[in-house]
Amino acid sequence: MNFSAAKNEIMQLLSRVDIGAISKVIQWMKTSGELDDYFSDNDKVTLQSIAEDLRACLPVEATFSSESFAIQKAQQNPKPLVHVDAFLYDEDIVDALCEEGKMSRYYCLQCGSHRTAPLEFISHSFSTMELQYIFRHVLPDLSGQLVVDVGSRLGAVLYGGYLYSSAAKLVGVEISAEFIGLQKMIVEKYGFADRIEIIHADICSQVTLLQNADVVIMNNVFEYFLELDAQIRAWQCIRWNVRKKGSLLVTVPSITEALSPLQGKNVNEWVEELPLNYNVYLGKDSDPEGLEQIHLYRVL
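Taking the UniProt record's numbering, I'd label the letters of the sequence shown as residues 1 to 300.
It should be emphasised that the hints constitute simulated quantities derived from the structure, not laboratory data.
Don't take every hint at face value.
Claimed, not checked - In silico DSS-like pairs for lysine-lysine, Cα to Cα no more than 30 Å straight-line:
#1 K169 x K189
#2 K244 x K169
#3 K24 x K189
#4 K244 x K24
#5 K245 x K189
#6 K7 x K24
#7 K44 x K189
#8 K44 x K24
#9 K169 x K184
#10 K169 x K245
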């Protein structure tokens, strides 16, 4: 049944519901966990299985000791900042870890008191829901196209793109040998090697790859991992090589926000931002406000 037919069926059904009960039916459809099975598929189950495999290989904070700059950067934040990888830990898992005392959502404003404040969480990976949103609602049909994930880390974008899109090739560029090892483990275990390629390199050494890319994805990719001068160098590389007319960039945060501390030049000569619909229902845990951090650009 296509969308039009389904819509007509639902409208006919609602026409037979008592007026006083319609709002309750609609609210039930929007929030009830009873409908979750209709929004779960084999692809989502596969991503959850991958996340489980990766959790077994990483500490709770999903960082390695070699990421000293990122750890230092987080410690310098005015408010306590905790890295919680959204691909590995959904809200239910975070709640369970908090109950077990392995994680906390709050920090004490004054030792020994009951004065607490919410911790600020940051993730360098997209959640499964965000991946579904990007590949099914943000990006167009990717048949025959090349997707490049800059700073692929755990490889979540690669796995999501493999399962949720028809992209011909998904290439992850990651500078950390430890994360490269984890990505290769997953690609081999799940048989993704026919469309996924992993490159252990600095993105600035991948000029030809960037020039050929149809889609470039960047999620909190430079700020927490590079010194200021290295961030400027990396953005210059992206700007001068992602030049194919009509190619797309998906970024978190927005390019304007990312370049602001670097005193970046006006990007309107390079890309145009495209409007996105954040009010997409992805299940009972849909979070339109959370999706608003995702931005889409088209190269001019």
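Here is how each hint holds up against the structure:
1. K169 x K189: holds (18 Å)
2. K244 x K169: Within the cut-off at roughly 17 Å; holds.
3. K24 x K189: With a Cα-Cα distance of about 45 Å, the restraint between K24 and K189 is violated, given a limit of 30 Å.
4. K244 x K24: Since the Cα atoms of K244 and K24 sit roughly 50 Å apart, the hinted pair is violated (cutoff 30 Å).
5. K245 x K189: violated (36 Å)
6. K7 x K24: holds (18 Å)
7. K44 x K189: holds (17 Å)
8. K44 x K24: At roughly 29 Å apart (the allowed maximum being 30 Å), K24 and K44 satisfy the hint.
9. K169 x K184: Within the cut-off at roughly 16 Å; holds.
10. K169 x K245: holds (19 Å)
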